[in-house]
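Model the full structure from these sequences, guided by the hints.
Protein chains in written order, with this note's numbering: chain A, 1 to 444; chain D, 1 to 366.
None of these hints come from the bench; they were simulated from the model. A hint or two may mislead.
Said to hold, decoys possible - Partial chain D-side listing against chain A, Cβ under 10 Å, derived:
| # | residue |
| --- | --- |
| 1 | Thr52 |
| 2 | Gln58 |
| 3 | Glu165 |
| 4 | Pro306 |
| 5 | Ile325 |
Said to hold, decoys possible - Chain A regions said to be covered by chain D (calculated; three or more residues, Cβ under 8 Å):
| # | segment |
| --- | --- |
| 6 | 85–93 |
| 7 | 110–119 |
Unchecked claim - Straight-line C-alpha distance at most 25 Å; calculated BS3-like pairs for lysine-lysine:
| # | chain 1 | residue 1 | chain 2 | residue 2 |
| --- | --- | --- | --- | --- |
| 8 | A | Lys117 | D | Lys101 |
| 9 | A | Lys412 | A | Lys171 |
| 10 | A | Lys175 | A | Lys206 |
| 11 | D | Lys101 | A | Lys429 |
| 12 | A | Lys165 | A | Lys414 |
| 13 | A | Lys206 | A | Lys165 |
| 14 | D | Lys101 | A | Lys424 |
| 15 | A | Lys251 | A | Lys175 |
| 16 | A | Lys122 | A | Lys340 |
All residues carry an ideal CB built from backbone N, CA and C; glycine is no exception.
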Amino acid sequence: MSLRRIAIGAAAAALLGGTALTTVPAAAQETIYVPLLTYRTGPFAGSGIPIADGMHDYLRMLNERDGGIGGVKLAIEECETGYDTKKGVECYEATKGKNPVMYNPYSTGITLQLIPKAAVDKVPLLSMAYGLSASADGTVFPWIFNPPATYWDGASVFIRYVAEKEGGFNKLKGKKIGLLHLDAPYGKEPIPLLENLARQYEFELKLYPVPAQDMQNQGSVWLNVRRDRPDWIYLQGWGAMNPTAVKEAVKAGFPIGKLVGVWWAGGDDDARAGGPEAKGYKSLDFHAAGADFPVIKDIQKHVVDKGLSKYPKDKIGDNLYNRGVYNSMLIAEAIRNAQKVTGKKVVTGEEVRRGLETLNITEARLKELGMEGFAAPVRVSCEDHNGHHKVYVAEWDGTKWTKSTDWIEPMKDKVRPLIEAAAKDYAAKNTGWPKRTETCDRPS
Amino acid sequence: MFYREAGQFKTTYAADMAVFPILQDKIGIAVIVAAAVLLPFLGAAGIVSPQTQNFLLQVVAIPFLIFSLASIGLNLLTGYTGLLSLGTAGFMGVGAYACYKLTTYFPGVNIIVWVLASGFFAAGIGVVFGLPSLRIKGFYLAVATLAAQFFLQWCFIRIPWLYNENASGAIEVPQRTLLGVPVTGPTATAETRYFVVLAIVAGLTWIASNLVHGRIGRSWMAVRDMDIAAELMGIKLFDTKLLAFAVSSFYCGVAGALLVFLWYGGAEPEVFSINQSFLILFMVIIGGLGSLVGSYFGAALIYILPIVLRLLPESLGIPIGGATIEHLTFMIVGALIIFFLIVEPHGLARLWQIGKQKLRTWPFPY
Numbered sequence: 001m002s003l004r005r006i007a008i009g010a011a012a013a014a015l016l017g018g019t020a021l022t023t024v025p026a027a028a029q030e031t032i033y034v035p036l037l038t039y040r041t042g043p044f045a046g047s048g049i050p051i052a053d054g055m056h057d058y059l060r061m062l063n064e065r066d067g068g069i070g071g072v073k074l075a076i077e078e079c080e081t082g083y084d085t086k087k088g089v090e091c092y093e094a095t096k097g098k099n100p101v102m103y104n105p106y107s108t109g110i111t112l113q114l115i116p117k118a119a120v121d122k123v124p125l126l127s128m129a130y131g132l133s134a135s136a137d138g139t140v141f142p143w144i145f146n147p148p149a150t151y152w153d154g155a156s157v158f159i160r161y162v163a164e165k166e167g168g169f170n171k172l173k174g175k176k177i178g179l180l181h182l183d184a185p186y187g188k189e190p191i192p193l194l195e196n197l198a199r200q201y202e203f204e205l206k207l208y209p210v211p212a213q214d215m216q217n218q219g220s221v222w223l224n225v226r227r228d229r230p231d232w233i234y235l236q237g238w239g240a241m242n243p244t245a246v247k248e249a250v251k252a253g254f255p256i257g258k259l260v261g262v263w264w265a266g267g268d269d270d271a272r273a274g275g276p277e278a279k280g281y282k283s284l285d286f287h288a289a290g291a292d293f294p295v296i297k298d299i300q301k302h303v304v305d306k307g308l309s310k311y312p313k314d315k316i317g318d319n320l321y322n323r324g325v326y327n328s329m330l331i332a333e334a335i336r337n338a339q340k341v342t343g344k345k346v347v348t349g350e351e352v353r354r355g356l357e358t359l360n361i362t363e364a365r366l367k368e369l370g371m372e373g374f375a376a377p378v379r380v381s382c383e384d385h386n387g388h389h390k391v392y393v394a395e396w397d398g399t400k401w402t403k404s405t406d407w408i409e410p411m412k413d414k415v416r417p418l419i420e421a422a423a424k425d426y427a428a429k430n431t432g433w434p435k436r437t438e439t440c441d442r443p444s
Numbered sequence: 001m002f003y004r005e006a007g008q009f010k011t012t013y014a015a016d017m018a019v020f021p022i023l024q025d026k027i028g029i030a031v032i033v034a035a036a037v038l039l040p041f042l043g044a045a046g047i048v049s050p051q052t053q054n055f056l057l058q059v060v061a062i063p064f065l066i067f068s069l070a071s072i073g074l075n076l077l078t079g080y081t082g083l084l085s086l087g088t089a090g091f092m093g094v095g096a097y098a099c100y101k102l103t104t105y106f107p108g109v110n111i112i113v114w115v116l117a118s119g120f121f122a123a124g125i126g127v128v129f130g131l132p133s134l135r136i137k138g139f140y141l142a143v144a145t146l147a148a149q150f151f152l153q154w155c156f157i158r159i160p161w162l163y164n165e166n167a168s169g170a171i172e173v174p175q176r177t178l179l180g181v182p183v184t185g186p187t188a189t190a191e192t193r194y195f196v197v198l199a200i201v202a203g204l205t206w207i208a209s210n211l212v213h214g215r216i217g218r219s220w221m222a223v224r225d226m227d228i229a230a231e232l233m234g235i236k237l238f239d240t241k242l243l244a245f246a247v248s249s250f251y252c253g254v255a256g257a258l259l260v261f262l263w264y265g266g267a268e269p270e271v272f273s274i275n276q277s278f279l280i281l282f283m284v285i286i287g288g289l290g291s292l293v294g295s296y297f298g299a300a301l302i303y304i305l306p307i308v309l310r311l312l313p314e315s316l317g318i319p320i321g322g323a324t325i326e327h328l329t330f331m332i333v334g335a336l337i338i339f340f341l342i343v344e345p346h347g348l349a350r351l352w353q354i355g356k357q358k359l360r361t362w363p364f365p366y
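Laid out in structure tokens, this is it:
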């Protein structure tokens, strides 16, 4: 009886007492604080862990190898979001007092919440090839960046790739092209662009929506696929939907080589799920997979071998791990650029925004970074916060992702008007959306 | 010793029926209200840093109040009327989308008017989905309300009109002002939002308290305890049950509108998924079915406790990775939920009541 009373008392005391301890320690001024909103738990942890480790390991490598950026160490802090918008915003509020230089929300939901806050709190947002496509318009969204490509760019590259395989754009006429997509804003995003292109090139666009709760139960959708017999399918899926789609494609006898996923459908585990028959599955990508790059070797030497990485040693170089590395490279280059633009060592979020706007990662710079052949050059300007860069089509060879095409240019002339219209629409619907007052630094 | 009603004589029926019949309770509630009002001034008074202040309001207080309101809404239906519902998030979504549409069509009207008005839209939808409750009960009704949840969420995704054909498919909150001060949108300060939420939640709690202590609440409870007996006593089941659905959905709708407009500042349809419904149902069950204060307790346990647990290792200087803390939090919160339910199956509200009873006889229990 008394034990029980003590237990209740202790639980209640813990409940009340804990609330008093919500103090946030201030960050030291001698470092550059980079918060990473990652998700190692929750339903999407499978893709979140490699990305989180890739991001962390690259920045850690800079600390270990170069002593940070420009001589200033990076204070890297991960905050767990579980891919949950509530927790993501909580992470943002908990970390924004420590002078963060940039946020990488890593979830469309969290990105949408943070977009209006970025301008108020003066911290730029880097949503690398996800989030709101319209934020590529820097005149409306001075604080938001989404290089290297938008979903609309991805869909246009897919059509360009199909045209190339079919023998020219005039051969697209009468073809059936399917879009297998998550029935959520993210999944539906390519539809307007594909509809435009379908009108122009006279192919037939078939939509196969997969409701979020049926991600792993796509039987009925694939019955429709069997009925329609589309020539190509573009997969705009996420999480558990991707491996299921690959499995179902194998089961339905759909030629797996004609199933092309967006970059978020290009995880190693997504393709592996289809077994040996998944060989030939394709996905778009904007960086290379594999460990044969000087930068990955450096990470292995300075981080992994010292036991500072949480990622399994033999899986370093996985596609999504490398995506994390690529993302961190953009962060680091933006900080370095900000140091160059301002001439200061310890930069703030406002200055990193300027660094992002003048970001110009050339072929030569990539070579210096040990990323030759790893990624395509990236250039961002004040007007164009995306750049609409080239992506390539990766192919699953049964054990790993390989580069199957050269870099393919998106149809910028088709994408850009859509972006600008969407950005204008966003600003018009959000009364009180601030006009751009930030000045533009011309790259030196 | 201090918490004792000796010497307090009630001379009228009204005094005897008061919600807080004991003077100490009145003092207690006054202290809580004063603390709630003074909370945003902690930062100005220099007790906590402005960052912590902002965090306290934006991450702890505002969501807690909103979840409490939603729990009260569900508690009116499930706790007081005995109708199990899994459509809470759907009704919250109706409120949020209604508020969004209303404020885009009539941007000149004060946003607080629309937040409250959106509750009526949710109430209307709630009544429609409440109709099956006249025929089916218990778990079967839960399944029927599940249909509401899925149907409504389907609407939020599939009807572009609801989100003004935004390319992102999400609703984004425009800036709205009250007496020249921005209340919604990114420039609204946490303090302003907090006061608006506090005023609405406190006002609606007061109304709910009056409802459940009056004729309507008694008829709800009669239906909950035995609907045939209630019918024989002259309570119209049809009206009573639908009224419960309407009022409950109204509360959920207002909570949904507050959630999007004063907390999130924008929302995807995913926000109003079945998980949100479960979350609020758990708050109600753990807090205590058929108790308003229990709704607050439940919201605190389910929403605030994980935040505290996440911050605890850092404030104690123990270095643990973010993901590990998350796993630990899941385990601790889960264990605590089971613990509280074993110790007191009637929820935290009942624990509170027992505690008060013990306090009355302390230090000489008999």
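Now the hints, each set against the structure:
1. For D:Thr52, the shortest C-beta to C-beta distance to chain A is roughly 6 Å, which falls under 10 Å, so the interface hint holds.
2. For D:Gln58, the interface hint holds, since its Cβ comes within 10 Å of a Cβ in chain A; the closest pair sits about 5 Å apart.
3. At its closest, the beta carbon of D:Glu165 sits 8 Å from a beta carbon of chain A; the interface hint therefore holds under the 10 Å criterion.
4. Among the interface hints, the one on D:Pro306 holds; its C-beta lies about 9 Å from the nearest C-beta in chain A, closer than the 10 Å criterion.
5. Interface hint at D:Ile325: satisfied, since its Cβ lies 7 Å from the closest Cβ of chain A, which is below the 10 Å cut-off.
6. Coverage of the segment 85–93 of chain A by chain D holds. Counting CB-CB distances below 8 Å, 5 residues qualify, and the rule asks for three or more.
7. Three residues within the 8 Å Cβ limit are the bar, and the segment 110–119 of chain A against chain D gives 6, so the coverage statement holds.
8. A distance of roughly 22 Å separates the Cα atoms of A:Lys117 and D:Lys101; the hinted pair therefore holds under the 25 Å criterion.
9. Straight-line distance between C-alpha atoms of A:Lys412 and A:Lys171 comes to about 21 Å, which keeps the hinted pair within the 25 Å bound.
10. Between A:Lys175 and A:Lys206 the alpha-carbon distance is near 10 Å, which keeps this suggested pair within the 25 Å criterion.
11. Of the pairs offered as hints, the one joining D:Lys101 and A:Lys429 holds, with about 11 Å between alpha carbons and a cut-off of 25 Å not exceeded.
12. Taking the CA atoms of A:Lys165 and A:Lys414, the gap is about 21 Å. The hint holds against a cut of 25 Å.
13. This hinted pair checks out: A:Lys206 and A:Lys165 have alpha carbons roughly 19 Å apart, not beyond 25 Å.
14. In summary, the hint linking D:Lys101 to A:Lys424 is supported, as the alpha carbons are separated by about 19 Å, within the 25 Å threshold.
15. For the hint pairing A:Lys251 with A:Lys175, the CA-to-CA distance comes to about 23 Å; that is within 25 Å, so the pair holds.
16. Between A:Lys122 and A:Lys340 the alpha-carbon distance is near 19 Å, which keeps this suggested pair within the 25 Å criterion.
When each numbered hint is compared with the structure, no violation occurs for any of them.
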